[in-house]
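K.L.:
Residue strings, one per chain:
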Amino acid sequence: MEKRELTCIGCPMGCQITVTLEDGEVKSVEGNTCLKGDKYARAEVTNPVRVVTSSVPAVGGEIGQVSVKTAGDIPKGCIFDVMEALRAVSVQAPVRIGDVVLADVCGTGVDVIATKNVELKAR
Amino acid sequence: MNRTKIAVIGGGPAGLAAAIEAKKAGEDSILVLERDRCLGGILNQCIHNGFGLHTFKEELTGPEYAQRFIDQVRELEIPCRLGTMVMSIAMAEDGSSDKIVTYLNHEEGLVQLRAEAVILAMGCRERPRGALNIPGFRPAGIYTAGTAQKLVNIDGFMPGRSVVILGSGDIGLIMARRMTLEGAKVQAVAELMPYSGGLKRNIVQCLDDFGIPLKLSHTVVNIEGKERVKAVTIAKVDERNKPIPGTEERFECDTLLLSCGLLPENELTSGLGAVISPVTRGPEVNESLETSIPGVFACGNVLHVHDLVDFVSQEAAQAGRNAARFVQGQAGETPTPDIRVTAENGVRYTVPEIINPGRMEDTLTLRFRVGAVYQDIYESVYVNDRRILHRKKKIAAPGEMETVVIKKDSFDQAGEVKSITVRLEEE
Amino acid sequence: MYDVIIIGAGVSGCAAARELSRYDLKVLVVESAEDVCCGTSKANSAIVHAGYDAKPGTLMAKLNVEGNRMMEQVCQDLDVPFDRIGSLVVCRSDEDRSVLDKLLEQGRQNNVPGLRIVDRDELKEMEPHITDETQWALYAPTGGVVCPFTLTVAYAENAAANGVQFMFDTCVDQVIPTQSDTGKFFVLETSKGQLQAEVVVNAAGVYADRFHNQVSKEKIHITPRRGSYNLMDKSAGNHVRHVIFPLPSDKGKGTLVTPTVHGNLLIGPTAVDIEDPEGTNTTAQELDAVVQTSGKYIADIPYRETITSFAGLRAHEDGHEFRIGEVEDCPGFVDCAGIESPGLTSAPAIGVMVAECVSKILNAEKKMDFDPLREGVLDPKTLTPEAYIELIRQEPAYGNIVCRCESITEGEIIDAIRRTPGAKSLDGVKRRTRAGMGRCQAGFCSPRVMEILSRELGVPLEEITKSGGESRIIVGKDKFAG
Chain A
5 MEKRELTCIG CPMGCQITVT LEDGEVKSVE GNTCLKGDKY ARAEVTNPVR VVTSSVPAVG
65 GEIGQVSVKT AGDIPKGCIF DVMEALRAVS VQAPVRIGDV VLADVCGTGV DVIATKNVEL
125 KAR
Chain B
14 MNRTKIAVIG GGPAGLAAAI EAKKAGEDSI LVLERDRCLG GILNQCIHNG FGLHTFKEEL
74 TGPEYAQRFI DQVRELEIPC RLGTMVMSIA MAEDGSSDKI VTYLNHEEGL VQLRAEAVIL
134 AMGCRERPRG ALNIPGFRPA GIYTAGTAQK LVNIDGFMPG RSVVILGSGD IGLIMARRMT
194 LEGAKVQAVA ELMPYSGGLK RNIVQCLDDF GIPLKLSHTV VNIEGKERVK AVTIAKVDER
254 NKPIPGTEER FECDTLLLSC GLLPENELTS GLGAVISPVT RGPEVNESLE TSIPGVFACG
314 NVLHVHDLVD FVSQEAAQAG RNAARFVQGQ AGETPTPDIR VTAENGVRYT VPEIINPGRM
374 EDTLTLRFRV GAVYQDIYES VYVNDRRILH RKKKIAAPGE METVVIKKDS FDQAGEVKSI
434 TVRLEEE
Chain C
228 MYDVIIIGAG VSGCAAAREL SRYDLKVLVV ESAEDVCCGT SKANSAIVHA GYDAKPGTLM
288 AKLNVEGNRM MEQVCQDLDV PFDRIGSLVV CRSDEDRSVL DKLLEQGRQN NVPGLRIVDR
348 DELKEMEPHI TDETQWALYA PTGGVVCPFT LTVAYAENAA ANGVQFMFDT CVDQVIPTQS
408 DTGKFFVLET SKGQLQAEVV VNAAGVYADR FHNQVSKEKI HITPRRGSYN LMDKSAGNHV
468 RHVIFPLPSD KGKGTLVTPT VHGNLLIGPT AVDIEDPEGT NTTAQELDAV VQTSGKYIAD
528 IPYRETITSF AGLRAHEDGH EFRIGEVEDC PGFVDCAGIE SPGLTSAPAI GVMVAECVSK
588 ILNAEKKMDF DPLREGVLDP KTLTPEAYIE LIRQEPAYGN IVCRCESITE GEIIDAIRRT
648 PGAKSLDGVK RRTRAGMGRC QAGFCSPRVM EILSRELGVP LEEITKSGGE SRIIVGKDKF
708 AG
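Protein chains in written order, with this note's numbering: chain A, 5 to 127; chain B, 14 to 440; chain C, 228 to 709.
Just so you know, nobody snuck in bad clues.
Label-pair restraints from in silico Cβ distances:
| # | chain 1 | residue 1 | chain 2 | residue 2 | range |
| --- | --- | --- | --- | --- | --- |
| 1 | A | Val63 | C | Asp527 | 53 to 59 Å |
| 2 | A | Gly81 | B | Met100 | 49 to 55 Å |
| 3 | A | Gly64 | C | Asn465 | 49 to 55 Å |
What the hints contain is simulated information worked out from the structure, not anything from laboratory work. Here the structure is a predicted model, which means the values were calculated and not measured. Every residue gets a Cβ at the ideal spot worked out from N, C-alpha and C, and that includes glycine.
Bound-form chain A, shown alone (with noise of 0.2 Å):
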């Protein structure tokens, strides 16, 4: 029997959660308020993940940068991979919110996609 302290990262309230393991296998998750805490829990003591949040060139924009995000969770072992496969790319003016900005990083099945409307800049 192991316990595993957690603090949820599923919304600002951050729950203190108890996960009790067994051979690796969750035999009880207690503390959290909601069902996505529940998940939470499970995955972080199995298979952690997180979503990547950083910002990459806009050629040509009204802006120098437009922020961009995983568009769902990622592994947490691959945070500095998604950000080393970030420093190569760049995109071109105008970029509309949601606009795949790397498709599939790192081979996780989760596009990387803009997070800001960024217009061309003015001539």
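Given chain A's structure and the hints, the job is docking chains B and C onto it.
P.N.:
Quick look at chains B and C alone, frame taken from chain A:
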């Protein structure tokens, strides 16, 4: 002179939500004045996720959250002036309750705008190094976390490579992660208080994920470097927040980021003569979020500093609704006396500070902060001697705003309202 | 070969340069920092002293009172903010009253006009926040406050407009008296190569002893005497109405409380002798001391409104006297050394004295075309609304507020950058326009000011500095961190 019914000062999350709600309440004559070159305010540089869970039931980044409101403003055809700085707000000199808003931009020049109602939504600023009295040199390389955030996220530049952060406010925590992701080494986050000023989730996903130590009860006692920061020394503090000799720890670094609190930007409000709360540093408001000047409303971080933009939007919507009622002549007479809410026993302040029971909507949201970390505590609201709300909290901390919703019904049962009290209780 | 090289672009050096620009001379100012006003001149009390402190008969006393008298005209000619708000030296007991009487007598000997003792009632009327213990005060109506940055910059600009050249980022290592067939001159070994001049003016502040001692057998010694200050927001600026001093001590005039000419509240300085001529760091001890001592005679100082703290170094010469004039055993080498308080007040008189000394040595003639007037950076807030609108129509940059706290426009910042000598850094812009000097201390405006500097100077953003040298603001682009 130019005229509008409602002038909204600030096009950030508070101003946008207030303008939208005023428009939806049937008011067509609205003008939003924004000093930046785009709408959205500080959300534009908050590219991390975690916004909108309450409002949209999904997790958005700051720019995405802002865009939803910007889109509504566009759809509702609410006029906005960008790159526009409001220089002053004053009462009209003809004895009416109109206000004269003087603003400046490079297209119209210096403009005087006559408004029946004003919604203050100017937001806040960060406490700078100077206000913290940190000893040492004053080289380049010392930035507030928000300035660093703008440099990295909007301009695409790195303000440093090796970083110490003072203060565990949310922006500081977010920047610890952001700088780390961009290749900088964040060596430590020092926090003067024995608890963090930021949200718990941010400690986990911004510090713990990257092995960045959070040093509670620590402060910066020296900054070295004549031209650029060369080293920062931190030390543990005693219960009076004085550094304890012998506990110094020196970090060689090129950057010190500061996340030591936000201050509502109320210079315009003071200029207008509105009463300012010494606790929140925002204007005192009543149940309608109206300041001591009739027809001047306030919402968002200019009123009191929030942790969550969702609550800013809610609060601003209320201000927008009430501003519309005011200009439409529906604010009503004041049927009962104003009651000043008493904040006591661990409750530092409440917003609103004043409630007129006769003008209350069916429900009223009271927001407040506690003065220390409490566990298994009850939040109670009394009308006269009658307890109308009693709610258990597993944990309450100064870094997280508390919210209680009280019902007009429960007031009616209490008879003539003489006092309203919000306090923490052990049982 | 220059006729004159002035070492140091502080207020003394720049005042001397401007007064020398009245003559038909080839003058160069060399400065180790990137701009004028980077040493003692930028971090002091910004007071125009009445002149009762200095010992009667000293050069310090004479130049203080002369400088005070000249300040009005100089600030008018050079468009410098100056306000003669009057000063008070307060004391807390009847025994201390004798010290005030002594100061009063000293002031009369120094020809300070209008001095008188005021009693508690009148004092309370003048300064409502005086503490209950405070009994008497010496009132000097000629005391005042000035903007030390603008005064220095204005002297430099007017000197430049009248032909003086400036070299920045140039560190003088050695001053070598040299003899050639045609006569005596000086060779200056600098970080940017050799310079030559017939006359050298030594206005090097805390470094003035170094250059003096290179050329003279009679050694002098200057101690950097550090003073720390707290500056409060404009919301606190009317807490006092006059410059208020405690009784003076052997270390100086004590910790004062004063409104600044721009309406902030300033308290300080401490007085701590140090070794390092670059030691402008603050310490917790000294910052505490500023608060402790000021609270003794002014009540309820709103310390919570502090927006910055800083420290400056006074160039304290062992004899506590200005040393101005040609060095006896080194003809052509003119000292302007030991300029500590009341150096800022005395600057107009120091400038004239140095210029007279140098012009005699060189037998220089006055120019016909000297222009004594300088126009400051235009503050559009001083215009009528109509004139402001017209200005924005012609120059839209005056419609863009960059610094929110001080309401400084892009137009003002561009003006400050395009002048000679112009701003090249954030601090240079700050000292000339006040952008970044407000309550947020440049948090909001620094990225914008960097953009404008980058555009105007034609240098990449990465090269923009806070104050020259290695003080770069950003270290590179995202994603390329190594």
